[in-house]
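Q: Residue numbers for the sequence shown, in our numbering: 852 to 996.
Careful: at least some of the hints might be erroneous.
Unchecked claim - The calculated label-pair distances, taken between Cβ atoms and stated as ranges, are:
hint, residue 1, residue 2, range
1, 861, 906, 19 to 25 Å
2, 969, 934, 55 to 61 Å
3, 895, 953, 29 to 35 Å
4, 953, 878, 18 to 24 Å
5, 980, 912, 55 to 61 Å
6, 934, 965, 43 to 49 Å
7, 906, 965, 34 to 40 Å
8, 963, 992, 16 to 22 Å
9, 966, 878, 48 to 54 Å
10, 963, 917, 55 to 61 Å
11, 960, 891, 28 to 34 Å
12, 868, 976, 32 to 38 Å
Keep in mind the hints are simulated off the structure, nothing from the lab. Everything numeric in this text was worked out from a predicted model, so none of it was measured. Ideal Cβ positions, reconstructed from N, Cα and C, are used throughout, including at glycine.
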Amino acid sequence: MDASEQPGGGAVLRVSRSLAIPLGELRWRVTTPGGPGGQHANRTQSRVEVRFDVGSSPSLGPRQRAALLDRLGPIVTATASEDRSQARNRALALERLSQRLAAGLRVRPVRRPTAPSAAARARRVQEKRQRGVVKRGRQAPGPED
């Protein structure tokens, strides 16, 4: 989940053990951040948006591509504008992109519905009966008692 050097020499975004995306596949856009901030916010381009095209990336395997297209769509974006520094916002945007991609690739276990066991059903009925006895013991005596 970090940008590091590839053995071949280029920088990569390490998403998981099985996925490293060369930074050349990412598209960057920098703009002025919105909101208050005075002259600094109005003049500096510190808001960063990074985009990753899932459909045309050669870094993805067929299963990875299918999973990301299904869960995140054809273009995955991440933005950051919290810091005054464009470099720090670039790092934050890369980290967020990496987290989104990792979440999209995470394999979710198949849920198998289960039924309560016979002993659990018997326990539940016994507890209900016991609770009824306790409640009946709290009642005020009737006129015939």
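Q: Taking the hints in turn, state whether each one holds.
A: Taking the hints in turn, this is what the structure says about them:
A beta carbon spacing of about 22 Å between residue 861 and residue 906 agrees with the range 19 to 25 Å that was offered as a hint. Our hint of 55 to 61 Å for residue 969 and residue 934 holds, since their Cβ atoms are close to 60 Å apart. Checking the proposed 29 to 35 Å range against residue 895 and residue 953 shows it holds: the Cβ atoms sit about 31 Å from each other. The hinted window of 18 to 24 Å between residue 953 and residue 878 holds, with their beta carbons roughly 20 Å apart.
For residue 980 paired with residue 912, a C-beta distance near 58 Å keeps the hint of 55 to 61 Å intact. Separated by about 48 Å at the C-beta atoms, residue 934 and residue 965 satisfy the suggested range of 43 to 49 Å. Between residue 906 and residue 965 the beta carbon distance is about 39 Å. The supplied range of 34 to 40 Å therefore holds. Here the CB-CB span from residue 963 to residue 992 is close to 52 Å, at odds with the stated 16 to 22 Å.
One distance hint, 48 to 54 Å for the beta-carbon pair residue 966 and residue 878, holds here, with the actual separation near 51 Å. Remark: the range hint 55 to 61 Å for residue 963 to residue 917 is contradicted by a beta-carbon distance near 23 Å. About 48 Å separates the C-beta atoms of residue 960 and residue 891, a value inconsistent with the hinted range of 28 to 34 Å. The beta-carbon spacing between residue 868 and residue 976, approximately 50 Å, falls outside the hinted interval of 32 to 38 Å.
This entry does not satisfy hints 8, 10, 11 and 12, going by the numbered hints stated previously.
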